[in-house]
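*Asks:* Taking the hints into account, I'd like the entire structure generated from these sequences.
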Amino acid sequence: MFVDNVKIKATSGKGGAGCASFHREKFIIKGGPDGGNGGKGGDVYILADKNSHTLSHFTGTKHIKAQNGKPGKSRNCYGKGGEDAYIIVPPGTQIFDEETGELLADMKEDGQKVKLLEGGKGGLGNVHFKSPTNQRPTYAQPGLPGVTKELRLELKLIADVGLVGFPNVGKSTLISSISNAEPEIANYEFTTITPKLGVVKVGDYDSFVMADIPGIIENASEGKGLGIEFLRHIERTQILLYMIDLANYRDPVTQFKTLQKEVKKYSEVLSKRKFAIALTKADSTIPEMVDDFFEKINITPTNSSKFGLKTDLSNYFGENPEFIIPISSVTHYNIEPLKWALFDIVKENRKNANSN
Numbered sequence: 000m001f002v003d004n005v006k007i008k009a010t011s012g013k014g015g016a017g018c019a020s021f022h023r024e025k026f027i028i029k030g031g032p033d034g035g036n037g038g039k040g041g042d043v044y045i046l047a048d049k050n051s052h053t054l055s056h057f058t059g060t061k062h063i064k065a066q067n068g069k070p071g072k073s074r075n076c077y078g079k080g081g082e083d084a085y086i087i088v089p090p091g092t093q094i095f096d097e098e099t100g101e102l103l104a105d106m107k108e109d110g111q112k113v114k115l116l117e118g119g120k121g122g123l124g125n126v127h128f129k130s131p132t133n134q135r136p137t138y139a140q141p142g143l144p145g146v147t148k149e150l151r152l153e154l155k156l157i158a159d160v161g162l163v164g165f166p167n168v169g170k171s172t173l174i175s176s177i178s179n180a181e182p183e184i185a186n187y188e189f190t191t192i193t194p195k196l197g198v199v200k201v202g203d204y205d206s207f208v209m210a211d212i213p214g215i216i217e218n219a220s221e222g223k224g225l226g227i228e229f230l231r232h233i234e235r236t237q238i239l240l241y242m243i244d245l246a247n248y249r250d251p252v253t254q255f256k257t258l259q260k261e262v263k264k265y266s267e268v269l270s271k272r273k274f275a276i277a278l279t280k281a282d283s284t285i286p287e288m289v290d291d292f293f294e295k296i297n298i299t300p301t302n303s304s305k306f307g308l309k310t311d312l313s314n315y316f317g318e319n320p321e322f323i324i325p326i327s328s329v330t331h332y333n334i335e336p337l338k339w340a341l342f343d344i345v346k347e348n349r350k351n352a353n354s355n
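In numbering that gives the first Met the number 0, the protein residues as written are 0 to 355.
In case anyone wonders, no lab produced these hints; they're calculated from the structure. Where hints are given, some of them may not hold.
Quick list of in silico lysine to any residue cross-link-like pairs, SDA-like style, CA-CA up to 25 Å [stated by the list, open to error]:
| # | residue 1 | residue 2 |
| --- | --- | --- |
| 1 | LYS112 | GLY59 |
| 2 | LYS350 | TRP339 |
| 3 | LYS346 | ASP203 |
| 4 | LYS72 | GLY30 |
| 5 | LYS61 | GLU117 |
| 6 | LYS8 | LYS61 |
| 7 | LYS114 | ASP83 |
| 8 | LYS79 | HIS22 |
| 9 | LYS114 | ASP96 |
| 10 | LYS120 | PHE21 |
| 11 | LYS350 | GLU108 |
| 12 | LYS107 | SER51 |
| 13 | LYS8 | GLN111 |
| 14 | LYS129 | GLY31 |
| 15 | LYS200 | ASN348 |
| 16 | LYS148 | LEU46 |
| 17 | LYS107 | ASN4 |
| 18 | LYS120 | GLN66 |
| 19 | LYS107 | ASN348 |
| 20 | LYS273 | LYS350 |
| 21 | LYS148 | TYR44 |
| 22 | LYS6 | SER55 |
| 23 | LYS120 | ASP83 |
| 24 | LYS49 | VAL198 |
| 25 | LYS64 | THR99 |
| 26 | LYS350 | GLY110 |
| 27 | LYS112 | ASN4 |
| 28 | LYS107 | TYR85 |
| 29 | LYS6 | LYS61 |
| 30 | LYS8 | LYS72 |
| 31 | LYS49 | TYR138 |
| 32 | LYS129 | GLU24 |
| 33 | LYS273 | GLU108 |
| 34 | LYS8 | ASN50 |
| 35 | LYS79 | THR147 |
| 36 | LYS49 | ARG349 |
| 37 | LYS114 | PRO136 |
| 38 | LYS64 | GLU24 |
| 39 | LYS64 | THR147 |
| 40 | LYS107 | ARG349 |
*Replies:* This is the structure in structure tokens:
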């Protein structure tokens, strides 16, 4: 079961109470105060673990509590601190305060650990209140209470390239043919009902991560279909690959504009990311259809480079795509060039990120 949005309550531990006691021992008359401090309450941490892939393990979990601190004891014995509680999430999870909407933590990397809630401080024992004018303090501090928060956990998968397209355009077939992902593939719409990640190997030593989400349909932003619910999973991607079906009854430019409109309704920032266009099912279409499409947008071999484009296509696509390429995942037509073209953009983005 894939769960990408859950609500839970978390509470840090209460501090242990300080002890009010007096030293009693043979041959020692009127021993002074010797009450120890209470132990500190346990903290609540968020821990990102790459071995966790969904938030489904929180289903049915309503309240996560750290352990309370133990009370102090006589003979200056301090109480034991409460054990910390760990909320283990997949990398890519964001933690929000449900009441205020504040982003408390953004867990991007495996092994990242963030203290979310501080445990209550243990109370001081009566030994700390001894003074020349008060040599017999009979009181000690109670421990401070823990902190409770209502949390909302949202999983946003981390990928370099995100696939966007209508249902049944070949997204799952593509990601299964070029990566280690194994999505369900069938000849009907909405085969993909949960997001999938795949590692695409380029050469012997390089790779990038590709994300496949359920197909988007027109008016998805108004609740139709499945795709808009999962667009959060490509929010972190730097490149969008629009999958345009040449065998579809819709005109390729119309397909793109419809998809881009739905993405823009979801997020203005996401709609302005770098993008490329893959014309899918090139093996099942009449070859002239590909030529007709390129002719329609005024691209010829003389005014286009290998895959990057020199022609201004903003009139057709709003902005210029990084490249447009016809592919077939079944026959592997142009799949290798597609991998390298995407990796060139990924590599440039990584270089720019490291230089900032």
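*Asks:* Hey, LYS120 versus PHE21, does the alpha-carbon distance stay inside 25 Å?
*Replies:* Roughly 23 Å between the alpha carbons, so the hint for LYS120 and PHE21 holds.
*Asks:* Is the Cα-Cα distance between LYS8 and LYS61 25 Å or less?
*Replies:* At roughly 6 Å apart (the allowed maximum being 25 Å), LYS61 and LYS8 satisfy the hint.
*Asks:* For a C-alpha distance cap of 25 Å, please report whether LYS350 and GLY110 respect it.
*Replies:* Judged against 25 Å, a Cα distance of about 23 Å means the pair holds.
*Asks:* Given the hint that LYS129 pairs with GLY31, test it: the Cα-Cα distance must not exceed 25 Å.
*Replies:* Between LYS129 and GLY31 the Cα gap is close to 9 Å, so the pair holds against 25 Å.
*Asks:* Assess, step by step, whether the Cα of LYS107 is no farther than 25 Å from the Cα of ARG349, and give holds or violated.
*Replies:* Since the Cα atoms of LYS107 and ARG349 sit roughly 15 Å apart, the hinted pair holds (cutoff 25 Å).
*Asks:* Tell me if the straight-line CA distance from LYS79 to HIS22 falls inside 25 Å.
*Replies:* The given pair, whose Cα atoms are some 21 Å apart, holds under the 25 Å limit.
*Asks:* Quick one, are LYS49 and ARG349 close enough, alpha carbons at most 25 Å?
*Replies:* holds (21 Å)
*Asks:* Given the proposed pairing of LYS79 with THR147, does the C-alpha separation stay at or below 25 Å?
*Replies:* OK: LYS79 and THR147 at ~21 Å, within 25 Å.
*Asks:* Starting from LYS6, check that the Cα of LYS61 is at most 25 Å away, please.
*Replies:* holds (8 Å)
*Asks:* Would the hint linking LYS350 and GLU108 be met if the CA-CA limit is 25 Å?
*Replies:* holds (18 Å)
*Asks:* Do the alpha carbons of LYS129 and GLU24 lie within 25 Å of each other, as the hint requires?
*Replies:* holds (19 Å)
*Asks:* Is it true that the CA of LYS8 sits at most 25 Å from the CA of LYS72?
*Replies:* violated (32 Å)
Of the numbered hints stated above, those contradicted by the structure are hints 30, 31, 37, 38, listed in ascending order.
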